[in-house]
Amino acid sequence: MEFFNTQWSIALLVVFFILLAFMHRYDIINTIISNVIYPVTNHRGQTIQGPKWQSINGQCTEKFLNGRKVSRACSQYGSVYRIWSGCTPEIVLTTPEDLKQFQSDSALHKKAPSSNGGWFFHQILGDCMGLINGDRWQNIRAQFHPHFSHGSVAKSWGFLQDFTGDYFDKLAAETKQSELRPVTSFSTFPFFATAEYLYGPLTKTERGELWLLGQRSLALMGCVLAGGVYRSRLCRWLKPAHYRQLTSFEKDWIHFNRAIVETRKGWSGPLPPVMEAWKAVDEGTITKKEMVQTLSEVLFANLDVSTNVLSWLITFLAEDTAIQQQLRQEITSNAESSEELCKRNDSLLHLCFLESLRLRPFTVFTIPEYSPQTKVLGDFTIPANTSVVVDTLAINHNPHFWGDDSHQFRPWRLKGISTTNLRYNLFTFGFGTRKCLGKHFAEAMMKKFVCELLSRYEIRVPKKGNHDLGSQKIQATWVPLSNIGIALIPVKNGRI
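Residue numbers (the numbering used here): 1 to 496.
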């Protein structure tokens, strides 16, 4: 009898410990991965701080959907801390000093596989130019860089001028309302400007098909942001409907680009960039998946990026009528040489562009990358090949560099600051040697849009919508978009 009592006691004790372990499973997992698998300590043996690992996502979803909130909440952990993307640690840098130290060997850095975003994300963008490394990256970049270099973009000014003028002519003819939201009303401009630069003029059917493909791609990104099972290959079987949507999109996206290439073969004159790039696929220099995912990156993933940049710039100008009037005067004075105005780095137009990017960077946390060398950052020894991200708000709003009013839109603050001083104090299109390939095209496109907008309209935030810019509801995308409405008031001959 005593034997059976002992067995029952042991069994109950085992059940008790199993239940206890289950109740505290997240704490146990956090302790193991933080202190055993991925230990990071300073010279005193203290473990790096940061939010605990939580469920399968870590902080991956939150850093995109609620990046500003995560940035504020994590400021308690010090200048260097750790977050989690799934079970992968990411070291967060918040000061220009640590950023400079980390970027000292940027030529050797590599992007984290699929941005630590999981299996479903890899199927969408894991093989695109911005997320691969080494020879693969160089081979793809070689197909696109000649068309997005500073010189090539300068030669495309005629295209941008005509496209922007036509866009506003159609806007005036088709839009009867005087109030609109830039985030929705103007999103087609950067999308189709980029598309027609890559593909050449699109037919009405091609434009419609491309836009729908873009919406399907964004819907698939919603699965990525949901995290959970989508981080694992198991979603093929647990989420079969979404997996079918993924494979259907891949098939249709390849077909669309193949059809574009075949159609353009009969064109006379200069061929669009996609033609030269696709030759590399036919020759086997790059794979078809690398090509179509890079085109997805340029067009679909960057749709929210370009919309963010444009909508916030317009919003800030609508809010600050004094700066807007000064900028309109600059644009009017250079009406015959808008190309030269958009090229200048000392213009108010350029300062407004940078100030908007400073206040509202398109991402709060940068794409994770790693150095092959051990780094000492914020007194912590970071092992080689550990993912590192930058809190762009901490850099861009740093009061020690930008002043106590660093949260205010004041473009003139940038006047006279050298590019050297801005290098680690301002995030715009990335840090290090792998900045955004399309930065020159994006800048020219946005500036031309603003020139055309302010030469035709005065823009204002309606009184009923006069709220703190930082408190606006942000749409649930991976990029923080402005959700503020503006009023358009026609301008005649530079006067309202």
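Treat the hints with care, since some could be wrong.
[What the hints assert, rightly or not] Derived DEER-like restraints, expressed as beta-carbon distance ranges:
#1 Gln-161 with Gly-416: 24 to 34 Å
#2 Gln-329 with Ala-142: 37 to 47 Å
#3 Gln-325 with Ala-384: 23 to 33 Å
[What the hints assert, rightly or not] In silico DSS-like links for lysine-lysine, alpha-carbon gap of 25 Å or less:
#4 Lys-111 with Lys-415
#5 Lys-155 with Lys-289
#6 Lys-288 with Lys-435
#7 Lys-279 with Lys-155
#8 Lys-239 with Lys-265
Honestly, the hints are just simulated from the structure, not real lab data. Idealized CB from N, CA, C, for every residue including glycine.
Evaluated hints:
1. Roughly 30 Å separates the CB atoms of Gln-161 and Gly-416, a value that falls within the hinted 24 to 34 Å.
2. Distance hint check: the CB atoms of Gln-329 and Ala-142 are about 43 Å apart, consistent with the given range 37 to 47 Å.
3. A beta carbon spacing of about 53 Å between Gln-325 and Ala-384 contradicts the range 23 to 33 Å that was offered as a hint.
4. Pair hint Lys-111 plus Lys-415 does not hold up; C-alpha atoms about 33 Å apart against a cutoff of 25 Å.
5. Proposed proximity of Lys-155 and Lys-289 is contradicted: the alpha carbons are some 30 Å apart, above 25 Å.
6. Restraint check: the Cα-Cα separation between Lys-288 and Lys-435 comes to about 24 Å, which is no more than 25 Å; the hinted pair holds.
7. Straight-line distance between C-alpha atoms of Lys-279 and Lys-155 comes to about 23 Å, which keeps the hinted pair within the 25 Å bound.
8. For the suggested pair Lys-239 and Lys-265, the alpha carbons sit about 40 Å apart, so the restraint of at most 25 Å is broken.
Checked against the numbered hints listed earlier, the structure breaks hints 3, 4, 5, 8; every other hint is satisfied.
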